[in-house]
Amino acid sequence: MELETVSGIVPALLATLGPGESVYCENGIMLYKDTPVTVGRKTIPGGGLLKTMERTTFGGLPFFLTEFTGPGSVAFSRDGVGEIRLLELGAGEEIDVAEGSLLCADARVAYDMVYVKGTHRPGRMVGFWMDRLRGPGKVALHAHGNIISMGLDKGEKITADFGALLFKSGSVNAAAFNQPFGGGLLGKLESFEVLELTGPGKVALQSIDPKEPHY
Amino acid sequence: MQADSVGGITPAVLATLKPGEKILAAHGLMLFKEPSIKVGRRTMRQLGVSMGTYMAMHSRGDAEENFFFAEFEGPGHVSFSRDKGGEVRVVPLPPGQTWHLREGHLICFDESIRYQPVVVAQWQVRDANGQVENRYLFADSLAGPGTLVFQAYGNILSFNLQPGETIRTSTEGFLAAQNTVGVQVQWQFAAQLGTGNYQVPVLHLTGPGQVMVHSGL
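Each protein sequence line maps, in turn, to chains A and B.
All letters in the first sequence, in the order written, are residues 1 to 215 by the working numbering.
All letters in the second sequence, in the order written, are residues 1001 to 1217 by the working numbering.
The set of hints was computed from the structure by calculation and includes no laboratory data.
Bear in mind that the values here come from a model prediction, so they are computed numbers and not experimental data.
Check before you lean on any hint, since a few could be wrong.
To spell it out: a stretch of chain B is covered by chain A in this simulated footprint if at least three of its residues, at any positions, have a beta carbon under 8 Å from a beta carbon of chain A; those stretches are [as the list claims (entries may be wrong)]:
| id | segment |
| --- | --- |
| 1 | 1024–1036 |
| 2 | 1039–1053 |
| 3 | 1077–1090 |
All C-beta atoms in this analysis are idealised placements derived from N, C-alpha and C, irrespective of residue type, glycine included.
Go ahead and model the full structure; you've got the sequences and the hints to work with.
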């Protein structure tokens, strides 16, 4: 299987599949496919009905994934200005991807979801879900805007906006907290919700918050 | 402040702050920061914006005035993004130089810069019912010394106008100008519609001074 970026302002991804090779993605992001490529459904295991309702209604995760099986080519696009990042995950390597950012993944890549708790206050009362992908295999991600990548050492921290996170290594801990505006009661009352990311591992941020209106 | 633009189409700004160095930014633009960066708040009153000025802006209705700015104190790195496509410009302002920057484009500025919200131009239009409506071009007035960072929607076209030299731009095309540049709204014939003329407001920018126009809306 080959994954190739069709670069430009709104980039697309072209996946060339050998016979029997498969990729999966969220439903609705296919641009086109060759006729021999067959389409199937990949159900998402785990959690039961209530958990599924929670992550699909409160969160933006899909009910099921769409699977494309070769031979042939299939192209995907997230319909947004940005940058595509291709990753080759090693065996057992885990990454957590922001919802709405996965373009496609090799069928060998295990799919799961991970929940990041909110701060339990208005604005970020509930947390959010991320796609958890475990290698080996290839993964393609769409960043909204440009990508800023960094590596965090063990215990090293950065504070990031919720919408800025594109992906992180599974070993990077993400925790929501209220960032106060200076000291005092007023500063604490006027705090805003941010994510604290603690290493070790890789972090990639995107320059557009996909939840904000943009063009 | 050392400010660098990161990325191309939708750039972010990476500000590097020395110990004790402070910058101000509109709230909600932060992408990430290092833990060594302290976050505070600077109200309009602390910036020297009088309540009268603030209420006058507010009464005009359309202004997206800031209630306060977020303050970031070094040492460390902090990054900002306006979540939109367009060119980022880092402008070092010498002492006394003042720029008027269209509202909604400011990213961050050194605390040494003096801030004031202003109305650069105003004009009147008639709505579908024939009622007269006031329209305003709101801007952030920023006086040096210090470094100013802002983002255009699209690409920036810069002009250095000589005394008396004039360029015309659409009201949406205006991005920034030095305060020495005169700004005037004039109506220009655009089309003959039935028995009436369709006219559009056009900004006349008259030098001396620098002007920036942007290609997006």
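Does the structure break any of the earlier hints, and which numbers would those be?
Those not satisfied: there are none.
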